[in-house]
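Throw the hints in and build the complete structure from the sequences for me.
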Amino acid sequence: MKLFEYQAKEAFAERGIPVPRRRLCTTADEVAGAATALGCPCVVKSQVLRGGRGKAGLVKLVRSIDEARKYGTELLGGAIGTAHGVKKVLVEEAVAFERELYLSITVDPQAATALILACADGGVEIEELARTAPEKIIRERVDIDTGLLPFQARNIAYALGLDQKLSQSFVTLLMGLWKTFRDKDAELVEVNPLFVTRADAQGVSALIAGDGKLVIDDNSAFRQGGAQPSREYFDSDVAFEAAKEGIPYLQFDGDISLMCAGAGLTTVVYDLVNYEGGSVANYLEFGGPNYKKAVRAMELCLVNDPKVILIVTFGTIARADIMAEGIAEAIAKLRPRCPIVACIRGTGEEKAVETLKAAGLDPLFDTEEAVRRAVVLAKGARA
Amino acid sequence: MSIFIDRTDRVLVQGITGSEGSFWTRHMMDLGTQVVVGVTPGKEGQNVEGVPVYHTIRRAVSDRPANAAMLFVPPRNTRDAVFEALDSGIKKIVTIADGIPLQDAIQIRKAALSCGARVVGGNTSGVISPGFAMMGMFPYWIERVYKPGRIGVMTRSGSLTNEVTAMVVRAGFGVSSLIGVGGDPVPGTRFAEMLPDYQADPATDAVVIIGELGGTMEEEVAEAMLSGAFTKPVVAFLGGRTAPAGKRMGHAGAIVTGGKGSVADKIEAFEKAGALVADRPRMVGELLRQALGSTPRK
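The listed protein sequences derive, respectively, from chains A and B.
Sequence positions in the first sequence follow the numbering used here and run 676 to 1058.
Sequence positions in the second sequence follow the numbering used here and run 12 to 309.
No lab work stands behind these hints: they were computed from the structure.
Don't take each hint at face value.
Residues from chain A that face chain B, not an exhaustive set, calculated with beta carbons under 7 Å [as the list claims (entries may be wrong)]:
{"hint": "1", "residue": "P784"}
{"hint": "2", "residue": "V890"}
{"hint": "3", "residue": "N894"}
{"hint": "4", "residue": "S895"}
{"hint": "5", "residue": "Q899"}
{"hint": "6", "residue": "A936"}
{"hint": "7", "residue": "L940"}
{"hint": "8", "residue": "E1025"}
Here the structure is a predicted model, which is why all the values come from computation and not from measurement.
Ideal Cβ positions, reconstructed from N, Cα and C, are used throughout, including at glycine.
Set out below in structure tokens:
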């Protein structure tokens, strides 16, 4: 689960990582108040989970309290914010910086270690940089049990070209980031940009985390408080409803709704739909522990008003006959207007075929054939 | 002949008294696997399918030595269970758990590497040599998928394995040994680490790799081919060619990160190494024929 910037910065601050002075606001009045307290210019940042906030007009440097209030109104009640579901904004002091660095901690699956990535050119798309100039990325593997040792942090600090004083601050900061990574069971902690501030009158500069990204491993939720994420973490009501049921759900903008079992098979069905010239409306995982939830899954499929529902499974533990019974029940209860193409195979498939036929379907056994039929039906419905 | 597991291995089942544990213990035994002992804390003295149950592995193996451990244990207890097996010197471990915490998976793989053990999984159906033995949950009675033969299969995805292996069988081939490395971002065993076993296995003529976007496991196989460490024909099928960037739409491991792991990268690596790459499941059978000559060897 990806946390909001303000939550990441809270976690950072608790572990000794310098972050800008800031206030979290939910009304335009609070934004104006924060601008007064922090002083102008200051930065008003929408708290949304999508990337590219700057380009989308969701972050702004404001020069006066009036401007802060006006922008706060646009975000929290006006057109810009509503379109992006902005409910909270973070107001921060503006940091005068001379350099922007990149710093993150993730895992190295092959070496079975944690992996720190750093780069002297921060503020950029790191994935793009990794592709175009991989030599610019500094890598340091960290043993997950021993933890980050100071020499490793020094290795990175000096490779980044920091002076003696800043290197010491960097070691402390990276220790805090390591602690965040471990304490929070993170799959990623990232500071981008990490500001090197402009030298003050005494010629002293400092490090400050300009942005913060903290992605908590969903599989560790049980030991991270275990709270079910609230609506604000999801793009849509359907995605939120699906998550409450424990059903993986993704929304696209095409015609065919996929009810598939198994992550790998779903990914391939998605490919095949595209190869055949079709498009996907949404995808619901109808396998694993969810194979008895056909009615709820189909209900969620129908929210996007798809042209066709395509069901493809090859179940072993998730038995084909039980899945077919669920589909039959869902059809009886929901009476979907769109056609359904079903390709349900695996344990108990003979019985599944009878059940599907009794429900008025024409069961198929070949994935590619099922995809072709769904694409043809979707095009017919469109014409 | 098989790799990883055969009928001489003595398998211990952790979590044997649970519904999955007992159900698949019976099927493992029906296929010919020697399940010698089970472990569930608090259940010593019971037996499952005639297999005696003990509180701990230490108590179990002192009565009935085992060299392989099959885990039917929930993800949050998997690290504990794997370390318990390693502590008793067991070197072959399979875990099916779906949802192992990421940082636990790092610790599990690190521990396995440091003591020369092999942990397969999690998030997998396991390992099977059709007609011989299995550790995991495979419906081997579905003949059109699990027909014995001479093709090795390695896969990141359980659901896709059935789909693709059915095409291998439809083309007239069968399966020698199938290793499900699993769909997690940090699998205990990686594709390339199993290649020496397939290379040495006289019962395997070629290997099918069922991969997907994300990570670098497919690229590592291509490297082993280029270096000459693996010389048998490889046919690869990769899911996620059209997956939208940045959306996690499948396994946790199936996401492009650090500028690495796109399907295009993997295809390029495989083709450079001389592997044949199928873009649809059906093509896997055709490409195997092309690689091995038109008549499958019996």
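Results of checking the hints against the structure:
no. : hint  : verdict
1   : P784  : holds, 4 Å
2   : V890  : violated, 10 Å
3   : N894  : holds, 5 Å
4   : S895  : holds, 4 Å
5   : Q899  : violated, 10 Å
6   : A936  : holds, 6 Å
7   : L940  : holds, 4 Å
8   : E1025 : violated, 11 Å
Of the hints listed earlier, those the structure fails to meet are numbers 2, 5, 8, in rising order.
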